[in-house]
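Chains as they are written, first to last, in the numbering used here: chain A, 1 to 266; chain B, 1 to 470; chain C, 1 to 202.
These are calculated hints, taken from the structure and not from any lab test.
Don't take every hint at face value.
[Said to hold, decoys possible] Covered stretches of chain B (chain C as the covering partner; in silico rule of three or more C-beta atoms under 8 Å from a C-beta of chain C):
| id | segment |
| --- | --- |
| 1 | 55–64 |
| 2 | 203–209 |
[As the list claims (entries may be wrong)] Short derived list, chain C residues pointing at chain B, Cβ under 8 Å:
| id | residue |
| --- | --- |
| 3 | Leu51 |
| 4 | Arg135 |
| 5 | Phe142 |
| 6 | Gly143 |
| 7 | Gly151 |
[To be verified] Derived Cβ-Cβ restraints for the label pairs, each shown as a range:
| id | chain 1 | residue 1 | chain 2 | residue 2 | range |
| --- | --- | --- | --- | --- | --- |
| 8 | B | Pro315 | C | Ala27 | 54 to 60 Å |
| 9 | C | Val181 | B | Glu435 | 40 to 46 Å |
| 10 | C | Leu84 | B | Ser369 | 40 to 46 Å |
| 11 | C | Thr89 | B | Val209 | 32 to 38 Å |
| 12 | B | Arg44 | A | Gly63 | 32 to 38 Å |
| 13 | B | Trp360 | C | Thr89 | 43 to 49 Å |
| 14 | A | Asn235 | C | Asp72 | 37 to 43 Å |
| 15 | B | Leu189 | A | Arg77 | 29 to 35 Å |
| 16 | C | Ala27 | B | Val209 | 19 to 25 Å |
| 17 | C | Leu131 | B | Phe47 | 23 to 29 Å |
| 18 | B | Ala68 | C | Leu88 | 45 to 51 Å |
Every value quoted in this text rests on a predicted model; they were computed, and no experiment measured them.
Glycine residues also receive a C-beta, built at the ideal position from the N, C-alpha and C atoms.
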Amino acid sequence: MPTIRVTDLHVRHRKTVALDSLDVDFGPGVHGLLGPNGAGKTSLIRVLATVAEPNSGRVEILGEDTGEHRRRSAVRRRLGYLPQEFGYYPGFTVREFVAYVAWLKDMPAAETPAAVERAVARVGLGDRIDAKVRTLSGGMVRRVGIAQAIVNDPRVLLLDEPTAGLDPEQRVEFRELLRELGASATVIVSTHLVEDVAAACTEVTLIDAGRVAYRGTPESLAALGETAAGVVGDNPIERGYTAALRAHRGPESAAPTAHPLEGAAR
Amino acid sequence: MTLIAAQDHAHGQEPGQQAHDNAPSAPPPRASRRPRRASRHPLRAEFLRGFAPWTGVALFLAIAVAMAGTSAQWQGGWAETRGRLHTTAVLLGVPLALAAGCRQGGRERRRRTEELMATAVRGTLARFLAAALPVACWAVAGYVVAAALTLLATALRATGDRPDLVAPLTDAVALASAVLVGHVVGRRLPWRLTPPLLAVAGYVVLGFVTYDSTGSLRHLTPIGDTSDIDVPVWWQPLVMAVWTGGLAAAAVLAYAARRRFTALLPLAAAMAAGTLLVQTGDGLWHTNPVARRQVCDTSTTPQICVNARYEDLLPQVTAALADLTGRLDGVQNLPVRFTDLPGEPGPDEVRLPITTPIGWTVVRGRLASPRQFAWEAGMALYDRAECDTAVDPSVARVDEAVQHYLAPNPLAGDFDKLEAEGSEADRAELRDRLEARARLREMGGEERRAWLSAYFATARACDPSEVPAL
Amino acid sequence: MTTSGPLLYVRSRTVPRTVAALAATAALAVWAAHELDAYLDPDRRVPVIALAPLFAAAVIGTSLYTASEELDRTAVRPWWRRRLVHLLTLTALAAALLPWAVLGHASFFGPSAMIRNTLGCTGLTAAAAALLGARLSWLPVFGYVSAVYLGASALRGNSVPLWAWLVQPAAERGAWVVALVAFGVGGVLYVLRGARAEGARD
Chain A
1 MPTIRVTDLH VRHRKTVALD SLDVDFGPGV HGLLGPNGAG KTSLIRVLAT
51 VAEPNSGRVE ILGEDTGEHR RRSAVRRRLG YLPQEFGYYP GFTVREFVAY
101 VAWLKDMPAA ETPAAVERAV ARVGLGDRID AKVRTLSGGM VRRVGIAQAI
151 VNDPRVLLLD EPTAGLDPEQ RVEFRELLRE LGASATVIVS THLVEDVAAA
201 CTEVTLIDAG RVAYRGTPES LAALGETAAG VVGDNPIERG YTAALRAHRG
251 PESAAPTAHP LEGAAR
Chain B
1 MTLIAAQDHA HGQEPGQQAH DNAPSAPPPR ASRRPRRASR HPLRAEFLRG
51 FAPWTGVALF LAIAVAMAGT SAQWQGGWAE TRGRLHTTAV LLGVPLALAA
101 GCRQGGRERR RRTEELMATA VRGTLARFLA AALPVACWAV AGYVVAAALT
151 LLATALRATG DRPDLVAPLT DAVALASAVL VGHVVGRRLP WRLTPPLLAV
201 AGYVVLGFVT YDSTGSLRHL TPIGDTSDID VPVWWQPLVM AVWTGGLAAA
251 AVLAYAARRR FTALLPLAAA MAAGTLLVQT GDGLWHTNPV ARRQVCDTST
301 TPQICVNARY EDLLPQVTAA LADLTGRLDG VQNLPVRFTD LPGEPGPDEV
351 RLPITTPIGW TVVRGRLASP RQFAWEAGMA LYDRAECDTA VDPSVARVDE
401 AVQHYLAPNP LAGDFDKLEA EGSEADRAEL RDRLEARARL REMGGEERRA
451 WLSAYFATAR ACDPSEVPAL
Chain C
1 MTTSGPLLYV RSRTVPRTVA ALAATAALAV WAAHELDAYL DPDRRVPVIA
51 LAPLFAAAVI GTSLYTASEE LDRTAVRPWW RRRLVHLLTL TALAAALLPW
101 AVLGHASFFG PSAMIRNTLG CTGLTAAAAA LLGARLSWLP VFGYVSAVYL
151 GASALRGNSV PLWAWLVQPA AERGAWVVAL VAFGVGGVLY VLRGARAEGA
201 RD
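Make the full structure from the sequences, and use the hints.
Spelled out as structure tokens, the structure:
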């Protein structure tokens, strides 16, 4: 039973097409969203987060049509979102900032303090909870961003490049957290780091030029890389990524060096 | 992956790498003994962090410094205090409040939290108020503290009348409104230059409307009229608050409300209030009933009256004039009293040397120079200003001698010395003058009273032959 | 679009917009002086003489902002020259434009008083930019100028103290000294230190 159902979605930014009649659905679990820069990953996440309005198409989240204004706040209550560019108020402490977001999400006041502490502890900032955000390092700020996204125990969690700025150790812990969250919620993680996808995701969606280029499990993507010939990549899943992109783009871009693989190269 | 996992362990031992100890599935630390700060309201941070408290500090400092710098001109007089505080709060505070609100309004863009805000369940209006109201509250708080200190300063040196506590409330509404309007502008135009631009624009608009003190639009600015003897009608502060608050509420609702047409309601209220203010015009103000009364000391000749706004000055004034009235004891043909009311004095009265505006004669509830005051009071007892021709030197000499006898000019010694070092004509003039003074001084008590009575009978005469000679 | 260094620097500090804002300030000042019938009585020019330089200084102050503070510090070229030219050029522009609003009456509130106030206000703003950051650099100057403007009207006749240099006639020598010192100190402070980094506040 999918929790997110996207039908014929079109998103345009001025003259460029970001998403081109996209049909996709997501169920509980951790979904990796891969694709080159400018493929439309962020556009999709922003539409799912109800931040951006699609030009046309239908988005249903948890059974509610987000095109309807009234249904939107019901969706937002059960939604967590970490924007690609995470802004914060540096003068707030971690606790204050996460509590503020909880207030924005209209959580019951009685539950908020405990929920805030739980969320902050889950991202491993329990000992810095009363530190001002401005005193934190870049990776810690990113974890504050994750904490605010999960403070309301969301059923749908949208994370746009959550691992940017995290050190290897933190990323390992973060993958652990993702797996835990994916047990009950629908988690969509946009990323350039294929090893995150391999380690933490149950499903992979590859987007290219506003369309779905590939869907499957990390294992099937890796298998695709093993069977395809003449593709670049340091590990099976990177090769699978390249092969899936090439297969999607078809014969016109078949030349091996025609397109630099920005996404995978990162 | 194994490599990373191995590093994991190695790092986990290092101090400061707490992250690993709080592994995602671990129970939250210190959950059992939650500190009190955990249960604080989420919006508390908006009040205490960031820019909002600084707004209060800035407003307090600006108003307090401006008031302190001019304290001689208002301390001790309630009407003066009201007027000065009001002008300062509006001319200085409103542009600052606009700028502060505007800066706070640009925060979401500056801090790049717009994206996060867009997913909030709370409506735009709730989020707007959560961000804007703390600044407004702090601005009002800064003003209120400054105003309280100002009122206290005057209370310590008050000489009569009573404080007006409603006017500061109108100012507080105006300041809060300015913050909200500034916030709307800041949200709409989140640029670096917007706050100073808005502040200067506010300054220019307020400055211009008050500069043209005859136009009827001036009744719309929160500055209004600041004449010291006028007070507003009782409903003026209320209507003014509706006017400024209504405009701000309309701007906020038009920007943030889900149903924008609700902005029409406060807008209509503001328009009605504005129309009422402009239509009523000068009728908004009337002379303070207290200012039309005076309190008198009837034991002296002439009697001494002080405007009721400064009734507590009467003992000081009486003391300053004690020598003068003592020397006039038993003299006939004097005015009945020194009077201190708006308008022309009556036929038997002369005006008390002016005590207003305070800061010159009266400073902080005290007569700055009693001798100067007494001299000016003596000068008021004769008046040849209406004469067609210049006053005859002999009459001028007599007038001067009387003045010198009653209450000498504090600078008389200096003038005499200057003339003693001057030309031959100056020295002759000085000699004549000193002789006149000496003749008056050497008269017997009865003789002098008779002479003075004759003199004051001609205090307004222009013909030199009428004035008794010395 | 060009890739010449100086031009790119100019665009990085939004100088074109600043110049436009300065021109608009001057136009506004001319209009205001006319509306106040300032040609009748030089004293009526005091609002223009005090507020126009304040506005120009605020505009110049915000143009000192840099979006790439960290990066700037690693530059090979010495920044002080660029900052000096930047500050001097904009101040000179403001000082050249604003006096048109108040021609005549040179020894009271005429062009030279306008230039003096422009220099003084810009100096204070530059100092504030170095100490507070460019975004808020207008705030202390704004508070100071309005306090002086309000306070000085209540001051007695000729004994206007030195801190009220803004509202003194141009012939007053002390006022010139204060303004020049403010410009010198503020300018040197900014040229040496640059605008304060203001990444993480409020």
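| said: Please list, smallest to largest, the hint numbers that this structure does not respect. | reply: 9, 10, 18
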